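Keeping their order, the protein sequence lines are chains G and W. The numbering of the first sequence is the working numbering, which starts it at 1 and goes up by one. The numbering of the second sequence is the working numbering, which starts it at 756 and goes up by one.
Any given hint could be a false lead.
Here are some chain G residues the structure puts well away from chain W; computed CB gaps all over 12 angstroms [stated by the list, open to error]:
id : residue
1  : G95
2  : N115
3  : D172
4  : G236
5  : D292
6  : E436
7  : Y465
8  : A589
9  : G661
10 : N677
To give a feel for the contact side, a few chain W residues facing chain G, derived at Cβ under 8 angstroms [stated by the list, open to error]:
id : residue
11 : N1227
12 : N1228
13 : V1230
14 : N1275
15 : G1279
16 : I1284
17 : P1288
18 : N1291
19 : F1293
20 : Y1409
21 : A1412
22 : V1414
Among chain W residues calculated to face chain G with C-beta under 8 angstroms, some are [unchecked claim]:
id : residue
23 : D1277
24 : L1280
25 : L1281
26 : A1282
27 : F1286
28 : N1396
29 : Y1400
No lab work stands behind these hints, which were simulated from the structure alone. The structure presented is a predicted model; accordingly, all values stated were derived computationally and were not measured. Note that beta-carbon positions come from the ideal geometry of N, C-alpha and C, so glycine has one too.
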Amino acid sequence: MEILSRRNTVALLTGCLWLTGLSVLAQAPARETVGMPGLEVEVIYQDDGTGATALNLAQDMAIDPLTGDLYIAQNGANDVIMSLNLNTMQMTRFGFNSQGLAFGSDGTLYFGVSNFILGAWFRDSGLIRKFAIIPAIRGMDFDDTGRLLVGEGSYGPTGLYTDSILEVDTGDGFFQPVFETSAAIAAIGSEFSVMTSMAVDTAGNLYAGYNSGLMVKKRANGEYTQLNSRPIRISGLNEFGLAHADGLVFQYDSASGQLFAIDENEQVTVLAFGDALRGAGTSVNGLTADGDAVYFAGDRNQLWRVRAADGGSVSQVVNADRATGTVSGRISVLFSDDPLADASIRFQTGASVQSGPDGSFSVDLKAGLYEVVISKADFADALLNIVVNAGETTTLDYPLNPGLPERLAPGLSAEVVARYPADPTLGTSDVVFDNEGNFYSMNFGNGTVSKHILEPETREHLRSYVFAQGGNLGNSFIVAVDASLNVYASTGNDGVLMLPPRGDETPYVLTSDAADPTIVRDQDGVNRVISKVRDVDGIAVRGDGSLVFSSGAGGAPIPGFPDGTFNSLVDYRNGVETIFSRGVPPGAAASVFANNDILKIDDQGRLMVGTSIGNVARIDANGVVELIWPGDGAGKPDGAGAFSGLNNDGNGNLFLRGLTGDGSDNTLRMITPDGNNLITVAAGMRQCFGGFAFDRAGRDVYVSEGGLIIRIFTQDGRTIADNLLDPAPAPEPVDATNYRKMVQTEGFLPHPEMN
Amino acid sequence: MKAVLAKIGRFLPTLLLGLVLVAADEADDFDLGNLSLEELLDIEVVSATRSSSKLSESPIPISVITAKDIAASGADSIPAVLSRLAEIDVLDVGASQSEVSIRGKNINFNRRLLVLIDGRPEYNDLFGVTLWHAFPIGLEDIERIEVVRGPASALFGANAFSGVINIITKATDGEQPSVVHVAGGSQGRQDGRLFYRRAKEHFGFKISANRQTVESFETDVPFAGFNRLPTSYNFNPDDDSLDMTRATLSFFWRPNDRLNIDVSAGLYDGELELFPQPGLPREDWEVNGDNLYLRLNYQVNEGGALQFNAYLNTFDYETPLLPLTEDVLAAPDGYAFYPSLNEATLFNGSTDTLNMSLQYVGSTSNERVNYVFGVESRNIENEGGLVADSDKDINSVFGNFTYRLPGDKWLLGLGVRVDDDSITDQDTGYTASLLYFPNKDVTVRLSARRAFRAPSLFELFSQVEFNVPNQNNRVRFQGNGALEVETIDTVDFTVTYNIGETIQFTGELFFEQYADLIGNPDSGLLADIEFDPETNVFTTTTSFQNLSDADNMGVQLGLVWVPNEKVSLYANTMWLDPQDLNDLSGETFFSPELKINLGVTYTLPSGFRANMDAHYVGKTSEDEFKTGDLSPGGPNFTRDNQESYTILNAKIGYRLAKVKGLELFVAGRNLLDDDYVAYYEFDTVLNATGERMGRGVEGGLSWKF
């Protein structure tokens, strides 16, 4: 256990290191933690996260009014409440699973017991007992009049008032809702649920945090309003913490690494930001405050404290008069130098400005820390932190991303080819080219197959249209096309469709038979199912026109396959089906298929298949199986990621798409010709899965990316593989930029079969 | 059996009318007057020594209520009759549930009182409680009620803890008339009673039959507690609260001068609405009980008799216990925390008690020495229901004697009994007393007693689980086979002073000390709760434990004035000062700090007779409710909500001159309509139980013939 007195944060921002540009592959270096002028931000305790009293995943905190000890509610591998004596920094174990903590003025401690009930520790009698049966507690607080307010979420057991703030009678344990999400939804007009934190301020205003990052305030007069909601998420969630003291509501957003204070006029102030404040794997955190300091901790085994540098209160620093500084800069389009006009640059205080025709903007702000959101339609919002110093100008030049990967290999560029809703590409999961140079996309978001027409020579995208819809295509993730332009897809998990080319652009309208899902008819009444092989998430078309189906773990006995087709490749020739491979390499006892998924074929007729555990296998024309990339990356520099997407560029190079081994990024990478390394084509993509297809002999790759289909291309006319193997010179770093960029994972889309 | 009883109930009015018509000609007149003070003092009681002795020479404190008191009172139940005594506490929980205790410490389902009918226990061996409205006799069959103030295990063994109430029925060959009683009144009250007897020289019989229905008050009274639920909320609100048929048929045979044989068979069958515990909704209980009772008395010689008693008590019950979860979920907001069962379930069980005793009753030294000694054996078996199949055996030896010293100024009394209980091993009760008679008008008595209560089968072997909708909570009642007996040690000092020939004053000071009281420990301690993250359900377990020691001191004062045969008055009061009764026991005992009873009966020559009685019941000292709450420093539901109340009852009867023995009457109960909830729990989750008992009116006729 290490007790830190180190103050690793400066009170005034001078000499900070800043993040370099975005157009290179290097990840942003970890940022120092920055505190608002006049505040000290420091780690006051940390350990290695092991042992009975280790600081683990904090979920709430409270300060004992009688002893000054800090109690930390934790839930995770180390389910304890701990008392941290702030004078001696000694951690002791209290002994119960906990979520939510609050001390009454008499020293009675109220706490959530796991997901089950509200418990209480009665100081005088020593009783530790259930107090009220409120499950799924997510935060609690006393208001200044002594009312106990408890947030009840909707994880775990179902209580009487899910997603509500309850007022609990400390005399008899009776509770009743004083804040109901249904009423907040009705007032605000948008859908949200799963309350994860709460606070109450001096005036009796109630604050509720939701796991989507939304914060709703119920004013004392009963009005609901949305306030400082959080767009950054970890694993799709933002479960920021809330606390109140001395006229300020504190909000710790560990998904973005920021600590806010909100005053009773709903003015939002950034107290601190930094990558060290970000959660490593979750946005859950604990937070509390008294008049002198704010304490908070996430999942990094560190306890932080923010307090006034001059020994005063935090609120005095927040409310102090500060002179102004200037923020100015230029907004451009990512991977180009085109200026972006009419982009909105908005600050957490509510101040905002728009970029002019040349992309430039300028605005004066009070000195302090700011969260900036730069946005424009069809571009991904950028969330940044900046520091404004009194009397100084902070330059903010920023390239806004229209939806492309955040980072590309040198020599590559990217553009959006098709964008929903202008094009029928909702939730694209696969793309495949036909022999006429056009391509199809599977859009599982709305269960359609689209065809995209490109100009034969320039490859300009001319138009897109829906080729087929209905027939349970919403549960199909793949599309294939043969030399005769027959299009193949699976119908749910119940079989494989073949859709011959139509004479015009009238879409197929498919309908599954209500009694037999293996029958899917088009609008002419023709059943388009050619195979009842189940759970087909990969289809390959051989050069001879025969098909191979990748039947995953959902395979089942069907006529002709009493033992089922699960975890196998099924050969389909002229309507006759046989097992082509069960994925057992020569000499091996076990199959390398494990819910095998995407399936592609190369020019040598070799099949390549990805699996749920990231195994990538190659099966030659004779059915010999070779594990060419193990899912766990054993013996390789990295794993390939679950449900890896894969394809070859027609030049013998195999590309993989998926998560990095540590799950931190979505990438498209190429296996080097020697089969031992991965070279990144693109990173910072929205999806970790999905199909991609090469065009122009490997110079372009079209990638399914949610509502977009993007094209990554080389700038020098060489193939992508050549660019990767012989990289172009790296561009000069973008000018030093005075901002901290928050990793935007809002649109992260996991594979549908991922847990 | 049920079909037979139902038929009896259906034809009871016709049967009663027929018997009246047949018997009317033979009816004796009935003396409406009161017992004189001398008659009162000469009453022979059997509860003091297990043999007949004068009330005035009882070695332990005993009160007596006579048949005339009962007839005059207008009461329609035995608890209502008993409430005239200062030492008696009655909690009217519901129309079909009354709890009676002696010297405070009353509780929902009081398990610390032994109630006998002619020496045969009505104490329910399964639950340890007394179902007062399910006795197999009617009020007209009661000759007197003997109330032993304080413990009496030396005489009656286990469970004679806070006292004994021994209901002595009328002799089969007695002189008092047969009776038909028909009444109706508020709350759907219907009451038909018959007492009929006939005897020849060596043989006789009597029958006591009764059918009674009463509806609940159905008064919704919400409380500021965790549940915010009315105490009377009922998931079956259309049912009668009390619907009971009772009957006992008794025979005697005296084949010769030495041998008396009495045989009786009794039954009750019907429906009670019981509140299992505070916080739980009342629910219907179908109960029926049978008993067969044999008493042999063989006069060995002039100085002694051999007595053999044997009885078989059977108790059957059937109850859903709790409502269905779906009904709870469909109930209005505020009722959603009721415990419930997921599937329709009827708990039905049966408990049989077989008891045999043999005792020798004798006297010597010119009857200065009276003694009783004997043995007793009891077997209790339970099958099914809320309690696991189980049984227990108790074998006892006992002895009791009194010695009136020469000069007749002093009397010594000693008694001891040892029970060998198959669960709790050997337990001993004793009585030691000294009486002093300074003159014919004054009696001074000092007694010391020890008694014990054995845990009931429910406390030992219960096995019930239910869930609480919307709370992800299962509640388990789990018996504790390791329970020990509770004990009570008492010292009493009593002075009786006859002031002239018409006034009797009684003053009594007592101190009681309790050890190992059994109660429900706090089941909400987190360390004891089972959390199941797989099912997201947590389970609390209630298991009775020997928890606490406590004591209780009290003063009782009583005055009876019988100026003449037409008028009698009584006034009595009790002051109690319990200590720690509610500290640790996990149960809430009620021991009113002050209680005052007043009553007068006046018979007019015109044929009218009036009776009025008033009862003030104070609160238990607030000091008794200081800990054990959800929040020890915070509010305590009992302390904050318990109520004192005053009940005024009156009855006016009119004897029709033209029809011999016929009296018309109207009786009013709680005329001041001082409605109250009798029982509160300390725990604000459970908060209170029972109904608010409002005003009641009844009228009818009573025909003695």
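Each hint tested on the structure:
| no. | hint | result |
| --- | --- | --- |
| 1 | G95 | 9 angstroms, violated |
| 2 | N115 | 7 angstroms, violated |
| 3 | D172 | 4 angstroms, violated |
| 4 | G236 | 23 angstroms, holds |
| 5 | D292 | 28 angstroms, holds |
| 6 | E436 | 57 angstroms, holds |
| 7 | Y465 | 49 angstroms, holds |
| 8 | A589 | 34 angstroms, holds |
| 9 | G661 | 31 angstroms, holds |
| 10 | N677 | 44 angstroms, holds |
| 11 | N1227 | 4 angstroms, holds |
| 12 | N1228 | 6 angstroms, holds |
| 13 | V1230 | 11 angstroms, violated |
| 14 | N1275 | 14 angstroms, violated |
| 15 | G1279 | 4 angstroms, holds |
| 16 | I1284 | 7 angstroms, holds |
| 17 | P1288 | 7 angstroms, holds |
| 18 | N1291 | 4 angstroms, holds |
| 19 | F1293 | 5 angstroms, holds |
| 20 | Y1409 | 52 angstroms, violated |
| 21 | A1412 | 61 angstroms, violated |
| 22 | V1414 | 59 angstroms, violated |
| 23 | D1277 | 6 angstroms, holds |
| 24 | L1280 | 5 angstroms, holds |
| 25 | L1281 | 5 angstroms, holds |
| 26 | A1282 | 7 angstroms, holds |
| 27 | F1286 | 6 angstroms, holds |
| 28 | N1396 | 11 angstroms, violated |
| 29 | Y1400 | 24 angstroms, violated |
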